[in-house]
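Student: Read off the chains here:
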Amino acid sequence: MAISAVVVVVLGVFLMQQITTALLDAKEKAATQQLDEGLSIAQQRLSGIDISDHDEVRAKLDSISRELARRSGPSGLYQVVTLLDPVDAADYEFSGFASTDVDDRSVPNRLRAQVEKAPLGTRFSTYGRLYYNDQAAEPGLIVGSRLGSRFELYYLFPLDQEQQTLTFVQSTLLGVGAALVLLLAAIASVVTRQVVIPVRLAAQAAERLAAGRLEERMKVRGEDDLARLATSFNDMAANLQEKILQLEGLSQVQRQFVSDVSHELRTPLTTVRIAADLLYEHRDQFEPAVGRSAELLQNQLERFEALLADLLEISRHDAGAATLDAESVDLRDVVLRAVGDTEGLAERKGSRLVQQLPGEPCMAEVDWRRVERILRNLLVNAVEHGDGEDVVITVAADRDAVAIAVRDHGVGLRPGEAQMVFDRFWRADPARARTTGGTGLGLSIAREDAQLHGGWLQAWGEPGMGSQFRLSLPRVAGAELRGSPLPLVPLDDRPPFSELEQDAGGVR
Amino acid sequence: MTSARLTSTRLTSARRLPVALVLCVAATLGVAGCVNVPTGGTVASGRPAERALPVDDPYVRLIAYPPGRDWLPAKIVQGFLTSSAASDDGQAVARQYLAPGVDWEPGPRPRVTVYEGSLSIGPAIPADASRMQVMGTRLGKIDPDGQYQALGGGVDQTFQLARNAQGQWRITALPDALRNGLLLGQRDVDRAFRTLNLYFFAPDRTVLVPNPIFLPLVNRRELPSQLVRAVLTGPTFWLDGAVRSEFPSGTRLLGDRVDVTEGLATVNLSNQAAKGSLPGMSAQLMWTLRQLPEVSRMRLQIDGETVSPPGVSSAQTSQDWLANDSDTTRENSVQPVYLRDGSGRFRQLSGDNALKVGATDNARVYHPAISLDERKVAGLDESGETLLLGDIGGAAPSAVAHVRDSKGRFTTPTWDRNGTLWTVENYGSGSRLWLKELGKDPVRVDDWDLHENRIGALRVARDGVRVAAAVEYQGRTQIRIGRIQRYPGGMPQASLFLPISSEVVDVTDLAWRNADELAVLGRTQQQPQPLALQVPVSGGSIQTIGIGGGDMTSIAAAPHSPVLVSAKVTEKGKDIEKICRQSDVRDLISEWQCFVGGHDPAYPG
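These protein sequences, in sequence, are chains H and Z.
Mapping to our numbering: the first sequence position 10 is 847, numbers consecutive.
Mapping to our numbering: the second sequence position 204 is 211, numbers consecutive.
Bear in mind the hints are in silico, worked out from the structure with no lab data behind them.
Honestly, I wouldn't trust all of these hints.
[To be verified] Listed next, the in silico SDA-like pairs over lysine to any residue satisfying Cα-Cα at most 25 Å (straight line):
1. Lys1186(H) - Leu1134(H)
2. Lys864(H) - Arg949(H)
3. Lys82(Z) - Val924(H)
4. Lys897(H) - Thr268(Z)
5. Lys82(Z) - Arg1210(H)
6. Lys1186(H) - Arg1236(H)
7. Lys148(Z) - Leu158(Z)
8. Lys897(H) - Pro73(Z)
9. Lys82(Z) - Asp941(H)
10. Lys897(H) - Ile549(Z)
11. Lys82(Z) - Pro923(H)
12. Lys148(Z) - Asp263(Z)
13. Lys82(Z) - Ser900(H)
14. Lys447(Z) - His458(Z)
15. Lys447(Z) - Lys363(Z)
16. Lys383(Z) - Leu396(Z)
17. Lys1186(H) - Arg1210(H)
18. Lys579(Z) - Asp348(Z)
19. Lys363(Z) - Phe602(Z)
20. Lys897(H) - Lys82(Z)
21. Lys82(Z) - Ser909(H)
22. Lys897(H) - Ser909(H)
23. Lys866(H) - Thr46(Z)
24. Lys897(H) - Asn226(Z)
25. Lys897(H) - Lys148(Z)
[To be verified] Derived CB-CB ranges, DEER-like:
26. Arg170(Z) - Gly958(H): 53 to 63 Å
27. Arg593(Z) - Gln951(H): 46 to 56 Å
28. Pro449(Z) - Arg908(H): 51 to 61 Å
29. Gln951(H) - Val314(Z): 56 to 66 Å
Note that the structure is predicted; figures quoted are calculated from it, not measured.
Note that beta-carbon positions come from the ideal geometry of N, C-alpha and C, so glycine has one too.
Generate coordinates for the entire structure from the input sequences, incorporating the hints supplied.
Tutor: Encoded structure:
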């Protein structure tokens, strides 16, 4: 709107200037021709005049002025002023003649100065104000030339007609301009309605679609480009919705399949187990090679059972069926129980389980069974990868959270593996046979359990330096966890005072 | 596939391009057509141009020059006289030539002495520069009331001068004649004055009589106010007593000026006017103002209250007061023409034929004059020594008067609107007036105003107040207009005959064409050939009537009727007298058509 107004104003001003120039040029041309005619008449009359006879000069100039003024007609097309130059005026005791009521002030001095200096026959013109004895001054065009050696002839053209025309044109232009601006505004509003609003609606629809409302569709109106855009958008949304529903269905089927398989495997497994137990109990009665097989069968069955249990557990997590059965417990007790469960394995591996427990109780609202399972997983993992070194269990608490860190001094983790350890069936070395207990799902389940609490389970490790897993849990079930009371990276390799330095310097 | 689509697109655009071009060109031409000046179309008609009035002539004024340094006394006096002709700036420049304290108030209506040619200025006493004498030929004077009078004689005025503190000469005392007046050349008067009529009622209050006055041009917008003030002041001394003004004495124009907007002039009079006759005042004002082309209607106010005469709307037009026109006696129809046929018998003209009028079949009436009511005819016998009078359609006219002097001869008789018959008996170098009032015996007036002059012709105007005479004066015959005064119970008196034009010389006959113009047979100073001329009573420019014609002997004219002359034309080798009229009545210079033989054509009056 503002821009169109500016354009209209600029155009209007330009147009006005053009019209004014054309009008005034035409007037000036006509004025000069009138002056030429007047000059020729006057010169004819002045020929043979006795310039020493003052009365004759006055009479002659009088009659010339009268005749030229009469040619202007009753409408007063122009005024005529004949003037004597100042020296002659003093000589003849009068300044000249002026037609009708025009004042001789109307001939500006700047024009007189030019005319007086100029050679005979040069015509000058200028714009000025015409003064009258009986009415207000008005703009006018003044043309003048020298007449003979002593006189000056001026024609004064009032420009009131031109002024009227220009005023009329100007008011017309103003009206047209205003109408044009309004029209442009109307067109702009129509265009906005037609284009901008549909585009905005499309953007909103796309945003809602992106936010997950897959049923969102655009309205299709007409047959223009916008309608095509809406159709394409709707097609895309429909395809997207279809594919996503398909994938959801597929994953649902898969999860169901895993769960069903696990359940279905249980019954035959129980039967196999009973048979295997029987064989195991009587292994002494078999040949040593067969007894050995019975032991192996027993071992692998246990692993199979564990694997099935883990599969069921993780499918429960996947299905969102896992529930938190939170109650306030002292985590030290949980740790102690988990350590007690793992001590046997540690002894076999030659590892020592070192506990660093705080003196006061570490109370937290947790599902202690899940926490205990996490800890067992971590401890077994640490013992298995501990290369017979000590495994350190640290428990700490602050106002909002509790943390349990399990530190081993085994082979450690390569860069990037700290994340991958939680993947299902992930192995640090795929070539290595899975000899010891783990099913490959333990850490995955542990992490699912930790997340079920709203807590974190994170791993750190460096090759040759061992690794540390840290479990951080909020003290109150459902509260958001902001930080952990224990560092993820262990501090145990350094002298006791280095902790202070690290705290003070903030540099590791 | 792609290439095929491209081709089709190109084809489409190639097909579209000429269409767009054609549309563009058509639009441009259309717009250009709107802008162009039309070169065809219907013929538009306009109203006929109204008579251009001398009032409307663009006028020229002198730009005065103030006194220069070290000007000599003669130049100071010359400068003063020249600058005083520039009347429109209140003589501000001319005052600079005067020493402080010199009383000089020409005022808006100055007393003007008009001189002819140029003035000579010189010391009154040789070697005394302080007294400058101005000498010249006097032509006439204009009184403050605007009346012009031709006056012969010389101009001889003496100016007193003295040096002021700066050593510059200034006029310290003006001659008595210039104390509240101006000394202007003929050309200055021509330039700075306009002749306009004031209208007053004839004594019977029926018709209006123009009273021409000279008004100084202050500026065009002041003119209506100047006119109204002048008409309120009353007639000039020339018509004073012969006409009546309907304005009660003391009536003034209220407000700064007469407001004229879109043709409507609003005249606001002071409350003295309440005692006057509304129709009379309105008619006088309307007739006076209608001379100005910018006034077409008038609203009369008394003390700010708009008043209107009965039967007339508040915006009066000159049409409302046509009844007061002395030219509308016969409702604008062409007037009947009477004449003397080739054998001297009295005839009336019907179409192109001369018909008998009643029993006056064989009556020989020379120089017939018909009364305005067309009942009576007066005339002379062949010698011009006897005045005849009779009824039209009745018996032959009988003699009512005989010349007193043995060498006396009557001029063509003339009737006024009261039924009085006028004629002049010329004898020797003088004349005497004969009057015959209705129902009374003819009366001789020996000592009338023009008794020292011979009179070529005498015609009373249709208003009955003015009388035109061709007066022999200093070897020439000039036109003079006099006024007729009537006293209760007394005889009408014709007096104050003033010359109206110095251009016409050797007038042989004249007739009133209308209230403002005379048809005259005479010569102008430029034209030695006697011609029929139209002479405005106001002293405006003279125009020739008709082309051709022969040696004209008499002229007749009447309002709304063609001018008739009798002229000697050569036909078949013989000179015969014929009556001629113009081939086109509206065209003043159309050819004379001589259509019937006869002498002395006459309209009533």
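Student: Quickly compare the C-alpha distance for lysine 1186(H) and arginine 1210(H) to 25 Å and report which way the hint goes.
Tutor: Within the cut-off at roughly 20 Å; holds.
Student: For the pair arginine 593(Z) and glutamine 951(H), does the Cβ-Cβ distance stay inside 46 to 56 Å?
Tutor: Check passed, 51 Å falls within 46 to 56 Å.
Student: Below or equal to 25 Å on CA atoms is what counts here, so check lysine 148(Z) against leucine 158(Z).
Tutor: holds (7 Å)
Student: Is the Cα-Cα distance between lysine 447(Z) and histidine 458(Z) 25 Å or less?
Tutor: holds (23 Å)
Student: Between lysine 864(H) and arginine 949(H), does the CA-CA distance stay at or below 25 Å?
Tutor: Within the cut-off at roughly 21 Å; holds.
Student: Does lysine 897(H) pair with asparagine 226(Z) here, judged by a C-alpha cut-off of 25 Å?
Tutor: Roughly 23 Å between the alpha carbons, so the hint for lysine 897(H) and asparagine 226(Z) holds.
Student: Holds or violated: are the alpha carbons of lysine 82(Z) and valine 924(H) at most 25 Å from each other?
Tutor: holds (14 Å)
Student: Take a quick look at whether lysine 82(Z) and serine 900(H) sit within 25 Å of each other, Cα to Cα.
Tutor: Between lysine 82(Z) and serine 900(H) the Cα gap is close to 23 Å, so the pair holds against 25 Å.
Student: Quickly compare the C-alpha distance for lysine 447(Z) and lysine 363(Z) to 25 Å and report which way the hint goes.
Tutor: Since the Cα atoms of lysine 447(Z) and lysine 363(Z) sit roughly 29 Å apart, the hinted pair is violated (cutoff 25 Å).
Student: Can you confirm whether the C-alpha distance between lysine 1186(H) and leucine 1134(H) stays at or below 25 Å?
Tutor: Answer holds: lysine 1186(H) to leucine 1134(H) is near 22 Å, not above 25 Å.
Student: Given the hinted pair lysine 1186(H) and arginine 1236(H), is their alpha-carbon gap at most 25 Å?
Tutor: Given pair lysine 1186(H), arginine 1236(H) is violated - Cα atoms ~37 Å apart, limit 25 Å.
Student: Tell me if the straight-line CA distance from lysine 897(H) to lysine 148(Z) falls inside 25 Å.
Tutor: Judged against 25 Å, a Cα distance of about 24 Å means the pair holds.
Of the numbered hints listed earlier, those contradicted by the structure are 4, 5, 6, 12, 15, 21, 26.
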